[in-house]
Amino acid sequence: MPHEEKIATPSAERPSTERDAARPGDERYDAQRVETKWAERWQRDASLYAAEATSDHTKAAKKKYYVLEMLPYPSGALHMGHVRNYSIGDALARYMWMNGYNVLHPMGWDSFGLPAENAAIQNNTPPREWTLRNIANMKAQMKRLGFAYDWSREVTTCLPEYYRWNQWFFLKLFERGLAYRKKSKVNWCPKCATVLANEQVVNGCCWRHEDTLVEQRELEQWFVRTTKYADELLSGLDKLDGWPEKVRTMQRNWIGRSEGTLVDFKLDYAENHKGFGPAGSTIPVFTTRVDTIFGATSVQLAPEHPIVKDLAAENPGLRAQVDQLIAEQRKAKEAGDIGEIEKHGVFTGRYAINPFNSERVPVWVANYILMDYGTGAIMSVPAHDERDYEFAKKYGLEIRLVILPMSGDPDETVAEPALPFVGHDGMLVNSGRYNRLACDEAIRVMSAYAEENKFGKATVTYRLKDWGISRQRYWGTPIPMLYCEKDGIVAVPEKDLPVILPEKVRVTLAGGSPLESVPEFVNATCPKCGGPARRETDTMDTFVDSSWYFYRYTDARNDRAPFDAKTAQYWFPIDQYIGGVEHAILHLIYSRFWTKFMRDLGMITNDEPVERLFTQGMVIKDGRKMSKNLGNVVSPDEMVARYGADAARLYSLFAAPPDRDLDWQDSGIEGIQRFLGRVYRFVVRNARPDHPEWGKPSPSDLAPAARAIQRKLHQTIKRVSDDFQGRWHFNTCISAIMELVNVLYGAEEAIARNEVPAPFLADVQRNLVLLLAPFAPYLAHELWEMLGEKGNLLKAPWPKFDAELAKEEELEIPVQVNGKLRSRVVVPADATEETVLERALADEKVRAFIAGKQIVKKIYVPGKLVNIVVK
RNA sequence: GCCGGGAUGGCGAAAUUGGCAGACGCAGCGGACUUAAAAUCCGCAGGUCCGAAAGGACUGUGGGGGUUCGAUUCCCCCUCCCGGCACCA
4 MPHEEKIATP SAERPSTERD AARPGDERYD AQRVETKWAE RWQRDASLYA
54 AEATSDHTKA AKKKYYVLEM LPYPSGALHM GHVRNYSIGD ALARYMWMNG
104 YNVLHPMGWD SFGLPAENAA IQNNTPPREW TLRNIANMKA QMKRLGFAYD
154 WSREVTTCLP EYYRWNQWFF LKLFERGLAY RKKSKVNWCP KCATVLANEQ
204 VVNGCCWRHE DTLVEQRELE QWFVRTTKYA DELLSGLDKL DGWPEKVRTM
254 QRNWIGRSEG TLVDFKLDYA ENHKGFGPAG STIPVFTTRV DTIFGATSVQ
304 LAPEHPIVKD LAAENPGLRA QVDQLIAEQR KAKEAGDIGE IEKHGVFTGR
354 YAINPFNSER VPVWVANYIL MDYGTGAIMS VPAHDERDYE FAKKYGLEIR
404 LVILPMSGDP DETVAEPALP FVGHDGMLVN SGRYNRLACD EAIRVMSAYA
454 EENKFGKATV TYRLKDWGIS RQRYWGTPIP MLYCEKDGIV AVPEKDLPVI
504 LPEKVRVTLA GGSPLESVPE FVNATCPKCG GPARRETDTM DTFVDSSWYF
554 YRYTDARNDR APFDAKTAQY WFPIDQYIGG VEHAILHLIY SRFWTKFMRD
604 LGMITNDEPV ERLFTQGMVI KDGRKMSKNL GNVVSPDEMV ARYGADAARL
654 YSLFAAPPDR DLDWQDSGIE GIQRFLGRVY RFVVRNARPD HPEWGKPSPS
704 DLAPAARAIQ RKLHQTIKRV SDDFQGRWHF NTCISAIMEL VNVLYGAEEA
754 IARNEVPAPF LADVQRNLVL LLAPFAPYLA HELWEMLGEK GNLLKAPWPK
804 FDAELAKEEE LEIPVQVNGK LRSRVVVPAD ATEETVLERA LADEKVRAFI
854 AGKQIVKKIY VPGKLVNIVV K
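Add 3 to a position in the first sequence, counting from 1, and you land on the number used in my numbering.
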């Protein structure tokens, strides 16, 4: 019994009052000492978390696994949301390493953007300096937290080595007509002093400044033709079954595909026509219900419709009213309640011709018609549209029934429906030669008729708009375009990339782009004619950076291309992407677009960037989102200093399943700290680095105490492995490990009595450490070493589950009478149904409940439960 | 209005395929160790009622109904909370 003297007697090992920290044999877990020791070691070995080169892999049988967490904006310091996000990814990466995969687990910095400019203005620090300093700080935090990133692939989007490829992609987009310049109404955030894409406007406010109303401005802007892929972006969602349904739904809503028909209504000039009419004498209307067109009793125009402008120009009275409508609409839009606007309209005095029946209908302008959807004009069918019905009632417009609801029997007389009847299951009436057609059939026939007669056609409309990427800001990727007086818009030749963002720029939020005030940047030479040219001073939306950065990780130091096609093909798609749901539309839709674009460039072969997406819940405190304003922010640095990185990470995984919001409680992390200490103390007390080999005796060879440990160990291996492979409920993984540790503590007396063989105990401890390794890497490494293991824990094989060893020899079967729990019987695990029922019926308590009654039914669910039904 | 997600002890949560509701942890209570405290270890613990106790009865997963021997789990109806979309023609 060589280990006898090593067993600690509690009194000998208990730390005394003072100066206990440095005492030899101290059992208290000093997380700071252990964690800083390992952080330094890991720091020294850059290759530790490096993904293996793909060239080594064409022959190797190792499977790849690309796990990615959304890269952070370097705001200055990590917050708890980051810690949670990265703890999930890190646990997964470590688990996959231990399971023998070639893991790619990179990290980078989404480092262009407005906060750097604000900081520059406030602290007089250049954006570059501010950003790089923040990156250094956050990188140090990540290292201290022990995240296993392949830093050799670090991507920093604000550096020319990266953003030159944004410019390169822009040129490719431009060549293919996918980047274009257009004057249009754009969203303008006064606080950002720049425009925003539609996706970046939330409830009429800026996505970064939720209290700042977005204004509309007319500006020349660069757009990316995301709508070219609208259909594929939509249909591709069906195949993304590794994505949360919620995100897919959000994207579907955002794309907003709608099938319908365009129909031209001609303005009628028969009366009051002064020789030349308003620009565009036809009014194209978009409708999803062309089958109801015989019920159209007016045409409604958006107040900002160009024809309205012309009509108003001829009619000052109308103009005042239209201005009023525009104001109402704008106000409602800004307040974010355009949906609740009080319907209000004005008759223009003009009429338009319904091309299907040549009927003259009045043309109105209404505040609920939106210029930026469809054509900005509708045909109003009060009988079959709720909004039109409401409007018609208010202004006394005609309501004409043209659809009758279809009943089961087509020949049966149908009662007049309550109006408005908006159902699709009907047939046409009062519709000339289309009478008796079913709605869907009528839509087809009538669309075709319109197309044949050149006054309309079937069409598809999207809510999705092209992506406005111009930003009148300094800290972003310069758009590589030139304006030459002679040659117009000219692209910067590829060989002249990158267009370097100048460093010495006075950043202000006033006026246009700060770059305009840098003559050496603005003044350039036209590559076509050699004459003087003006450089584009807008920079790119920072969502361009994050749309393709994950490809760059596969080949981050390439200076001839964004990345090598073969290498990207090996790694893509990303097996698991993890981040907050706030990017469900913005980042994730742009990324999907970019992937399709790169595929069509022939750079990649995958259609989608991400196989599986996981959106983790928020970290909240006291029931509310953490924010500086509320003063409920928990700082990761403070948690690491007080409890250690392992505790902070483990708690963020333990407190709730990862997809739910996590309510941070300081007392909760203390419990985790206690648990880590418990694990540490057990191993310190029981480590036998010099143990002989564990020969794996069969269960019957072990004393009951040891056998109980073995059973629990294998049950734990199964639970932890299953949760990694299926749903990711790390909280239950950790609970399972806690239970194992509790069993080990319960066995300490048996261990002291030598009922647990030393080699077996060593094996159990090894497995315990392996199970803990993905969640608490510092403690796991420390204990691994303490157990005398020399190999790299990171790549040590994940414990293997053995069903035979996990099996219970005896089962406690609950016995119900009429569905109510009355007793329990202990039976051998392999007991037959007869035996179990016999025992159950023989049970004293059960007998008391069935006495004098008739047994109707006996139910036995093997291994689970007995239910005796009596009456 | 439409589409998701959710509601379980004092709190965070668990119950993975319809089978012991509350694992694990926090907070709490009791005990051990200590001169004492901290730390640590062990134990108790949904609620109500009966009982001195051991123990027992009833009840309990937002509310109501249903299916079933049996429902946190499946079906129908309703309430509340969170997120997204919304005169989208």
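Read the hints as simulated data drawn from the structure, not as lab findings. These figures come from a predicted structure and were not determined experimentally. Where a beta carbon is used, it is the ideal one built from N, C-alpha and C, also for glycine. Take the hints with a grain of salt, since some may be wrong.
Claimed, not checked - Below, in silico cross-link-like pairs of lysine to aspartate or glutamate (EDC-like), each with a Cα-Cα straight-line distance of 16 angstroms or less:
id, residue 1, residue 2
1, K531, D499
2, K142, D113
3, K346, D313
4, K569, E43
5, K803, D725
6, K823, E837
7, K624, D669
8, K146, D640
9, K67, D499
10, K867, E847
11, K861, D833
12, K531, D490
13, K142, E235
14, K531, E497
15, K860, E841
Claimed, not checked - Between beta-carbon pairs, the in silico distance windows are:
id, residue 1, residue 2, range
16, K628, S738, 44 to 50 angstroms
17, E585, D33, 35 to 41 angstroms
18, R363, E221, 56 to 62 angstroms
19, D490, A316, 35 to 41 angstroms
20, D603, R260, 32 to 38 angstroms
21, R31, A755, 18 to 24 angstroms
22, P163, A143, 21 to 27 angstroms
23, D241, L51, 24 to 30 angstroms
24, K861, E585, 54 to 60 angstroms
25, D490, R363, 35 to 41 angstroms
26, E221, K507, 30 to 36 angstroms
27, R363, R436, 17 to 23 angstroms
Worksheet item: Does the structure break any of the earlier hints, and which numbers would those be?
Response: 3, 4, 6, 9, 10, 11, 13, 16, 18, 20, 23 and 25
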